[in-house]
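Each chain, letter by letter, is given below.
Number of protein chains: 2
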Amino acid sequence: MSNVTVTFLPSNVEIQVPHGESVIRAAMAAGVHINASCGGDGVCGKCRVIIESGPVEAEPSERISVEDRAKGYCLACKTFVQGDVAVRVPVESYIDTSALQRTAPRRTVSVQQIGLEEIKQQGLFLPAVEKIYLELTPPDAQDHLPDVTRLVNHLRLQRDEHGMEVELPVIRKIPAVFREQDFKVTVTLARPVRSSGKTKIINVQAGDTTAQNYAVAMDIGTTTVYGQLVDLVSGKVLAEHGEFNGQISYGEDVISRIMFAEKPGGLATMQQVVIATVNKVLAHLLKHHKVSREDISREDVSLITFAGNTTMTQLLLAVEPRYIRRSPYVPTATVYPPIRATDLGVDLDPHVTALVYPQVSSYVGGDIVAGVMGCGMYRTEKLTLFMDIGTNAEVVVGNKDWMACAACSAGPAFEGGGIQFGMRAAKGAIEDFSIDPETLEPMIVTIGNQRPKGICGSGLITMVATLFEAGVIDNQGKFNRELKTARIRENNNVYEYVLAYRETTQIDRDITINEIDIDNLIRAKGAIYSGCKTLLKEVGMSMEDVEQIILAGGFGSYVDLERAMIIGLLPEVDPEKVIYVGNSSLLGARMSALTNSIRQQVVGVTNMMTNFELSETPSYYDNYIAALFLPHTDVHQFPKLQARLEERRALIAKARAGAKNAD
Amino acid sequence: MSNVTVTFLPSNVEIQVPHGESVIRAAMAAGVHINASCGGDGVCGKCRVIIESGPVEAEPSERISVEDRAKGYCLACKTFVQGDVAVRVPVESYIDTSALQRTAPRRTVSVQQIGLEEIKQQGLFLPAVEKIYLELTPPDAQDHLPDVTRLVNHLRLQRDEHGMEVELPVIRKIPAVFREQDFKVTVTLARPVRSSGKTKIINVQAGDTTAQNYAVAMDIGTTTVYGQLVDLVSGKVLAEHGEFNGQISYGEDVISRIMFAEKPGGLATMQQVVIATVNKVLAHLLKHHKVSREDISREDVSLITFAGNTTMTQLLLAVEPRYIRRSPYVPTATVYPPIRATDLGVDLDPHVTALVYPQVSSYVGGDIVAGVMGCGMYRTEKLTLFMDIGTNAEVVVGNKDWMACAACSAGPAFEGGGIQFGMRAAKGAIEDFSIDPETLEPMIVTIGNQRPKGICGSGLITMVATLFEAGVIDNQGKFNRELKTARIRENNNVYEYVLAYRETTQIDRDITINEIDIDNLIRAKGAIYSGCKTLLKEVGMSMEDVEQIILAGGFGSYVDLERAMIIGLLPEVDPEKVIYVGNSSLLGARMSALTNSIRQQVVGVTNMMTNFELSETPSYYDNYIAALFLPHTDVHQFPKLQARLEERRALIAKARAGAKNAD
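Which chain is which? The protein sequence lines are B and G, in order.
Counting in this note's numbering, the first sequence runs from 4 upward without gaps.
Counting in this note's numbering, the second sequence runs from 4 upward without gaps.
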């Protein structure tokens, strides 16, 4: 879809947005404030704008009178740009908002195909399983070769194989399949992990089916199980689907899952429940995909790969997890051998092997290893900071030669946990926020443009960053008691800001953000930032040495980089150095199906990843305390940010002063 | 048990027999004829002898009058020697039987431990699975190693392992087992087949269980499934048991089994039925053994090995066998990978791998390969002739550098098939036979010393050899029409010899051997002998080049070497060059559990075994026709035999002449 230009007047701020984008989201992206408190649902009627020129599609609204409509007024949230458009925003404050324009528009990255081109260029595109079409010579009176020998000899002549192993289920299929189309067959080969290993023949089909060869990659998250259907011929993702992990009914976090698994029969239940979710995702992927309207045959799925944190992995494999949560916190294993998928209960054919990512420690699991492999960190010379922020936060620093990693006790704030109106990134969650520096009125946008239900992680970061930038909260996250607005109020001795009054919400209550929420976020970001700093320090380096940041996690796809630096979650770096990879666990699972070198190297990389228990690392606590400010006690760590912040604050102060004078 | 000497008078023939042997069996072994037609049951009362000196235990018999008992008469079949004994046989003929004494007493070989000492001496005693006791250091606050890593690292330090793989079921057991006896554990290691392969950890147990490590070896015969329980620490056989293959109800031979397997559901039935037999044998082995009165724990069984012919192997593994019996007679596979025993339905723990011997062709199967490996033929420089004679007959010639093999269409005569009173070697089967050269009265001994029911294979060979030697039949197997005895008669135009009249049998009929039976045996032995000759000729060698003969098959243990040469089943060689190995398939199954070099080399050896389809080998037919005589058309192939035969015939003729003169 092509982009169009939206020009906002009177500030004359321009922004490129996709054709069909709503005006309010264009304004949000441009840093142009328009009062809006219903999340984009059209009910508050506050986001009135005038379309001065250009084509739009506007839904009619009762909130705008017939006269106003005649004057060109419409609701920004219900107006969608169809070409280059000029939009006039009714000015309610005296501030020159053009100075507050965002330095870089938010990057929209398609992470779905990430990594594929790179591995293709580097010659690493070599799926773990391959289909080959063969026309064998049928046996006759002079040629008594057994079926399997016939096949293996043919392959030996054609390929330089060290040895070949044919599994029993394949042997069982061979006599009938060979004779179905006169010894014209497609064989599925699984490459060995080690170059000295044997290639396995894992399936045989009559005729030529080489065009249909698929893998399924799965990220087993504590909250969500995501899957992708991958075409092993092109490397492309043909379908993606997520379902809540069925284990959620037994507890939200890994600890409660482990506790359930400790009950009699609990482990088996946990395993069956997550496998049921896996099978649900799988069935969806095989039904809804880009190939055709027909279901993909399970026989054409040749591989399934899994990545998950240590607890999720042990529960998936029915491996006793009780010692993960007991001092000294040892997982049972780090490396798992290839497993027959049907042995786990996965609803695929018996020839399918499940590859499971290895773990580093009890709290740096296969999801992180998958991230490190999937994003190519294991191959890069650049000093990389890898951060996976989800239900938990884990960080890895290093490059292809060394790595240090740690789990940070960040808590679930970034997924809405511990926040009074926190929620997951679902419909109705406030995902973006702006504030009028003078009137202190909000502009909120929700996922799905519905009336708000709560605040998601990325919305919370934006909110805290914006409130801090606007001087509404100080560097300790406390509200400026001097600001005069009904939106800031004391409630049960806690100061809060009203994001949306009950009339415009879905929950029949005011939705607010209070100082406890902000404190939770500060502790969470402090834990992550200080975790990174500690790791770097332990290896004699600092944040300045970092050459690239890889930001992962469902969260990572949506967070606004600049805002993340404003609150001090990320170090201040050139945004070009930051790569979003989205769900890196899923990425890693997919990449391990596509490039055999990952399977060859993953155990070595995992062994190389030195795990730090931050709570036992002396320098950590000092780093943590220092990070409990916005952005940090030591603002010199954020020099550019600091300069811009001061500039903006001065502008805002001036505007406020002007407003007072005008009163 | 010590041997004693029995001296038979008046011929003054001595023989060594085990303490407690019956006088009639001692006489049979010594070549001393005593009329006896009830098989040793004591009912015919013919085998009257006088104990002249020495201790015996004699069961009282109504067949001997009080007066005769007072004179020292007793029944040879019910009198057991308790020391050196002199026995007088009432002389009924004028022949000097001392001249007919057997050249070499039958060798009694204990085949149970065969091969063990040899592989121990050669340093090849290295079981495929091994238990090791370890005292690991438990984890603590400074040592967070995962359980499995802790184990693998400990083993790496202790042993020079290339790599180690821990299977999922073991990983699942580890957390609890490690903590049961404070990280003191026994691990079971499975050695890799290839030296570059990974050692697998297949089981872990709390405490020290290294003394209990067992394998089960199984021969899957068309007729019988034999199993042995093997101690992997000492290498000794702790139990042996056989059961009829449950598939017998679906057909006696492999062809009828294949035909049944072709019916819908038939293959699954065939597989389940043989596995049921396997489990029956297994349960017996674990219950009745030399270790103790308690059942052996299934957890201490670390391995099961199988050997069987091609059809039995494919049915055991549920691999479609229909093309074995259809031109061009191809088996599905020759080599099978290691298989989880529980996947086959074998009632062992999931950590147990089943090793299955590879096949050469549709009719030279894993039982023959097992024989070649088990008896060490694959390691010897000596040109060896390996013959496995059972339901079918297969022959292999060669040594460690080359081998040629073939299946001979011998038919089941050696197991009693196609013989009117033929039966398997079970109680009541006539297993030994002698004839009075003058009176032509028989001496028969049956298995179990019961009244006769029929004739088993080894009995048949002895019978035909003896009748030929005594001039009762000629070199074409036809009865001498001039001999005057009621025992030789014409019945429905076929000449026969009465072995036992109905009064002394269990079947209420006369038991006879007729010319059709003899012809069947001649065809069977001719097929085998000419098969060997053809193989040798194809590789430019002859019978004279053979340096040793390995005689295998359930049958092989009982057959009398000299008699086998008399009928021309075996080439004429020094009996010292013949080694009996009994059930070589079972031997091979056992040896593959005890020496890893068999597993490493078996596929190479199998590939080296050049299979000849005798029916397609031009020289075979001529060889076969030439072998349809006793011993052969070309008696110069049996020079010593020929000389002795002439000498004996002359004696017999003299005796008969003397008898006539005396009349």
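Just so you know, these hints were derived from the structure itself, not from any lab.
It is possible that some hints are incorrect.
A pair counts as met if it fits within one copy or between any two copies, since identical chains are not told apart.
What the hints assert, rightly or not - Straight line, CA to CA, 27 Å or less: simulated DSS-like cross-link-like pairs of lysine-lysine: (1) Lys266 <-> Lys176; (2) Lys187 <-> Lys266; (3) Lys481 <-> Lys266; (4) Lys643 <-> Lys74; (5) Lys293 <-> Lys239; (6) Lys290 <-> Lys49; (7) Lys293 <-> Lys283.
Evaluation of the provided hints:
1. In the homo-oligomer, the alpha carbons of Lys266 and Lys176 lie at most 27 Å apart only across protomers (17 Å), although the nearest pairing inside one protomer, at 42 Å, exceeds that limit.
2. For a Cα distance limit of 27 Å, the shortest separation of Lys187 from Lys266 across copies, 26 Å, qualifies, whereas the shortest one inside one copy, 53 Å, does not.
3. For the homomeric pair Lys481 and Lys266, neither the shortest alpha-carbon distance inside one copy (44 Å) nor that between copies (82 Å) is at most 27 Å.
4. For the homomeric pair Lys643 and Lys74, neither the shortest alpha-carbon distance inside one copy (43 Å) nor that between copies (130 Å) is at most 27 Å.
5. Taking the shortest alpha-carbon separations for Lys293 and Lys239, only the intra-copy value of 10 Å comes in at or below 27 Å, while the best inter-copy value is 62 Å.
6. Within a single copy, Lys290 and Lys49 get their C-alpha atoms no closer than 43 Å, and across copies no closer than 87 Å, so neither meets the 27 Å cut-off.
7. In this homomeric assembly, Lys293 and Lys283 come within 27 Å of each other (Cα to Cα) only inside a single copy, at 18 Å, whereas the closest approach across copies is 53 Å.
In this structure, the earlier hints numbered 3, 4 and 6 are contradicted, and the remaining ones agree with it.
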